[in-house]
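Q: Sequence:
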Amino acid sequence: MEKGTFRLLFLILGLFFIITSYIMSYQLLRIIILVLGILCSIISNIIERKYKKIAIIFYTFIILILIQFIDYINIKYFNKEPLLIYNVKEFENIKVYDSIFYRVWQCDKEKNEYTIDNLDKIGYFCDLDYVNSTNINNYAVELITNYNRYNNTYIKLNGIIYDVNDQYIILKTYIYKNEKLIFNDNLTIKIYKNDFINTLKVNDEIEIVGKISKLGNKTVYLEDAVI
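Okay, so the sequence shown: first residue is 1 according to this note's numbering, each after it adds one.
Just so you know, these hints were derived from the structure itself, not from any lab. Check before you lean on any hint, since a few could be wrong.
Distance condition first, Cα-Cα at most 16 Å in a straight line; then the derived EDC-like pairs of lysine to aspartate or glutamate [claimed, not checked]: (1) 218 / 179; (2) 76 / 98; (3) 95 / 113.
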């Protein structure tokens with residue numbers, strides 16, 4: 001069989017697998033078929049190339065960009081579950097899919113409804129009303145000892161503001177002694193300030209949702225925060 005025939009065959013197979021992956025619903029099978037489609041498409045474009053290593057890099061890049069665009073359209077207009085993602089975070093009934101150029105929110109895992117956050121500009125998106133809140137004191141041990149479990153996930157907590165500066169809203173664990181509020185260092189939460197939380201002051205009681213991004217010396221950092 002001639003190289004031209006092989007090339008055409010792999011091109012047809014590649015297109016077939018890619019299109020099929022966006023039509024199907026079962027996620028694992030979609031990913032497998034998409035990978036096959038990408039491989040077949042790359043092979044079809046390098047069979048007759050002299051510099052195959054360069055061709056592999058070039059066509060892999062081009063094909064991935066095209067598929068990313070198709071994936072974006074499929075999510076935005078057909079409410080299909082994202083395919084080209086590198087991380088998935090779950091928070092109670094919420095799923096967040098991280099892709100290269102955008103983030104996708106699924107606010108109810110039982111519903112095929114997706115919202116695209118272009119360049120991660122929205123921050124926290126989903127409705128907070130049905131998400132349970134936990135007091136900061138109840139997180140004092142859990143967040144430190146099981147940090148790997150919570151890293152890059154969203155939590156909803158309530159507490160009292162210990163301090164405010166140009167960069168952070170700071171919460172600390174606390175107790176009441178003789179009706180006096182006393183903060184302690186069992187756990188410190190530093191929340192990166194943004195447009196949603198730049199009007200708060202010391203001793204305000206708040207309930208906030210944010211993504212855990214870093215841990216250091218009993219201090220947990222939250223980003224994408226919203227009240």
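Q: The structure should be examined with respect to each hint, and the outcome stated for every one.
A: Now the hints, each set against the structure:
1. 218 / 179: violated (26 Å)
2. 76 / 98: holds (15 Å)
3. 95 / 113: holds (11 Å)
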